[in-house]
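Chemist: Position chain B relative to chain A; hints supplied.
Here the protein sequences come in this chain order: A and B. So for the first sequence, numbering that gives the first Met the number 0 puts the first residue at 0; every next one is plus one. So for the second sequence, numbering that gives the first Met the number 0 puts the first residue at 0; every next one is plus one.
In case anyone wonders, no lab produced these hints; they're calculated from the structure. A couple of the hints might just be wrong.
Unchecked claim - Below 27 Å or equal to it, Euclidean Cα-Cα: the simulated BS3-like pairs (lysine-lysine) are:
1) B:K304 to B:K196
2) A:K196 to B:K260
3) A:K130 to B:K388
4) B:K196 to A:K388
5) A:K130 to A:K196
There are 2 protein chains.
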Amino acid sequence: MRVFVAGVDGYLGWSLAQYLVARGHEVAGCDLLLRRKWVEEAGSHSATPIRSIEERLAAFKDNFGKELIFREGDLRDYDFVLEFFRLFQPEAIVHLGEMPSAPYSMIDVHHCNFTQTNNIVGTLNTLHAMKETCPQAHLVKLGTMGEYGTPNIDIPEGFFTIEYRGRTDTLPFPRQAGSWYHQTKAHDSHNIMFACKIWGLRSTDIMQGVVFGTRIDEMGDDERLLTRFDFDQCFGTVLNRYCAEAVIGHPLSPFGAGQQKRGFLPLRDSMQCLTIAINNPPEKGQYRVFNQFEEVYSVTELAEKVKRVGNEIGLNVQISNIENPRIEQEQHYYNPDHRHLLDLGYEPTHNVEQELRIMLRDLSRYRSRIEEKKEVLIPDIRWDGTRRKSRFLAEASR
Amino acid sequence: MRVFVAGVDGYLGWSLAQYLVARGHEVAGCDLLLRRKWVEEAGSHSATPIRSIEERLAAFKDNFGKELIFREGDLRDYDFVLEFFRLFQPEAIVHLGEMPSAPYSMIDVHHCNFTQTNNIVGTLNTLHAMKETCPQAHLVKLGTMGEYGTPNIDIPEGFFTIEYRGRTDTLPFPRQAGSWYHQTKAHDSHNIMFACKIWGLRSTDIMQGVVFGTRIDEMGDDERLLTRFDFDQCFGTVLNRYCAEAVIGHPLSPFGAGQQKRGFLPLRDSMQCLTIAINNPPEKGQYRVFNQFEEVYSVTELAEKVKRVGNEIGLNVQISNIENPRIEQEQHYYNPDHRHLLDLGYEPTHNVEQELRIMLRDLSRYRSRIEEKKEVLIPDIRWDGTRRKSRFLAEASR
Chain A
0 MRVFVAGVDG
10 YLGWSLAQYL
20 VARGHEVAGC
30 DLLLRRKWVE
40 EAGSHSATPI
50 RSIEERLAAF
60 KDNFGKELIF
70 REGDLRDYDF
80 VLEFFRLFQP
90 EAIVHLGEMP
100 SAPYSMIDVH
110 HCNFTQTNNI
120 VGTLNTLHAM
130 KETCPQAHLV
140 KLGTMGEYGT
150 PNIDIPEGFF
160 TIEYRGRTDT
170 LPFPRQAGSW
180 YHQTKAHDSH
190 NIMFACKIWG
200 LRSTDIMQGV
210 VFGTRIDEMG
220 DDERLLTRFD
230 FDQCFGTVLN
240 RYCAEAVIGH
250 PLSPFGAGQQ
260 KRGFLPLRDS
270 MQCLTIAINN
280 PPEKGQYRVF
290 NQFEEVYSVT
300 ELAEKVKRVG
310 NEIGLNVQIS
320 NIENPRIEQE
330 QHYYNPDHRH
340 LLDLGYEPTH
350 NVEQELRIML
360 RDLSRYRSRI
370 EEKKEVLIPD
380 IRWDGTRRKS
390 RFLAEASR
Chain B
0 MRVFVAGVDG
10 YLGWSLAQYL
20 VARGHEVAGC
30 DLLLRRKWVE
40 EAGSHSATPI
50 RSIEERLAAF
60 KDNFGKELIF
70 REGDLRDYDF
80 VLEFFRLFQP
90 EAIVHLGEMP
100 SAPYSMIDVH
110 HCNFTQTNNI
120 VGTLNTLHAM
130 KETCPQAHLV
140 KLGTMGEYGT
150 PNIDIPEGFF
160 TIEYRGRTDT
170 LPFPRQAGSW
180 YHQTKAHDSH
190 NIMFACKIWG
200 LRSTDIMQGV
210 VFGTRIDEMG
220 DDERLLTRFD
230 FDQCFGTVLN
240 RYCAEAVIGH
250 PLSPFGAGQQ
260 KRGFLPLRDS
270 MQCLTIAINN
280 PPEKGQYRVF
290 NQFEEVYSVT
300 ELAEKVKRVG
310 NEIGLNVQIS
320 NIENPRIEQE
330 QHYYNPDHRH
340 LLDLGYEPTH
350 NVEQELRIML
360 RDLSRYRSRI
370 EEKKEVLIPD
380 IRWDGTRRKS
390 RFLAEASR
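Next up, chain A with everything else stripped away, as it sits in the complex (with noise of 0.2 Å):
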């Protein structure tokens, strides 16, 4: 199958465009390569050293005997995307190319607009190509677990059915976003479902849970097909930052409580989840959402389980909550379906252990890399708008 992914040159995409090419599918691709300057503004480096799109790219040729196709490109100018699908003529289209920080999108005004500008106009431009050019293509966009917030009830796949005085109907789950950024993914929601309806479009929304893991097994051992993997406070993910801080001997910083609970799933999961619904596209006009996700967890649970595999590996892993630099509820229901994705054929890693001895062993070949940016690991973007490192929840009550 032809696919294109935006944003290949990311955490995500870089994996998921080696993922496709080794199951046999065509790939193209385009970035604007924002992330790495993002994370060079957030005073930080990926733990992986990873090599210039050129390089990467060469790399990709060498191993999988496959170009991958790529321009460097806005999503935001529209012609750039028109172009790009007339000539590709895609498939699937895997949306990946949008700015995924809930911090960094709550810096000030500028980041917010920019955050809500950028991933709307990019998602906008994205379903009016198609229109225009692929029609019977199919959008894999990925949204976020985010979207919902922490409801007191049960979270379904998108869309539910309830009775209200009396009467009933099917509508999509009330969302509640929890950043300037978790926002956007919800405003594409709306977006995508109103394309899909009035032009016939077809779409997958996915809402992903929080993503771990330094490797996908197609990376092999040739480093320049390593993944990004950041570890600040804006790029980096809990369960990633979690390790880079074990390996350095720096305490699991849960915010606050560490009683919220998300939706977790290994790399190599969020690649087998992509692959399935690319491999099972909607009917023409519809639209469906995934809640993808292996597992919930506690973000304390997860502390803990680094703690346990950490120590059996030799480092001396403490944990220490930290101010929560967020509003957010620190203790809540959550309960989120999570059938669609099984039903289709999706197997889990189910062994979050083994996993994390397989990124803690990673990591400590960057262990360097990951000391010279340490201070990034403590969070000081407030929710509140102000900037102020949060201290050990242990220091800040003496």
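Modeler: Leaving out everything else, chain B in the frame of chain A:
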């Protein structure tokens, strides 16, 4: 009270400034005067001959003895918003400064992107500037009943308490907006709700029905005070378009089957309701939603009212449905709540026929201005992305 009106040169804004100053409020406002350009782009002009902003401001001073503090500027320019709020220190901010047309937003990808970025960034800048300069102020934000779409259950005012799988929560009512423009209002609602939650701002989000009318009493006999009255496919609302059609002997043209139901209210009721909202601010951190309309009618019922009143005063009014350029349900359940404003003292006009008499009389004076642009009465912007004039259904079926 010091009230800031964004979009003060518009249909509602110019009326509201007069309504408020006549009731002792101090009013400041901004506008980029884009509505004038958009209507020109749509090939039309206001039926009422509106004056330059300078002449308007002079007329305002002449009639009300007080200045309307005005600056021309762009809500997308954060520094402009910040400085104006800092100087004026508003206690209430009425945000009417968005691109308000569904068809305009559906023209093409560029109009879609403009609409979404203009509306979203203007609101985000307003929220951030409030937080910086006047966090106690009350944001009265113009949304639309169109955010909800036409679900098969009752529509509450913003939130509903539901039971789902044995648990209960109060959640935002799902939004299913029917154009790129209506989507922006849903996006705004989500963004504002979030800002109230994290920053303790207070806001009333107005889900307004379709407004009709040529005047409010404050405009008296000074033609310079008249508000604009659009009748083109983009900026003319349905009942206003019917009245323009009636005075030039053009058949009233409901879309499709004509059983689309919407909430409607006269311009004078809109002013009354907005003022009630301003005078009764919510608590700090509270985000509340008012469904703002007087009564629900189908677009055919309204056409019949215009026909009846028009024929009474000697016009020869016919009704002839046209092909629906939109993709929407033409027959549906519709039962939205509208208690909040009534509970705060809203006294609906109720007498639609009386309002129609005033409108037809006012518009008769400007018959030639409508005649001159009558080709804009029949839409050609279609939701499927094509551009083709709707035919009368009687002709189309021959």
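Chemist: Each hint: holds or not?
Modeler: Verification of the hints:
no.: 1; hint: B:K304 to B:K196; verdict: violated, 44 Å
no.: 2; hint: A:K196 to B:K260; verdict: holds, 20 Å
no.: 3; hint: A:K130 to B:K388; verdict: holds, 21 Å
no.: 4; hint: B:K196 to A:K388; verdict: holds, 22 Å
no.: 5; hint: A:K130 to A:K196; verdict: holds, 12 Å
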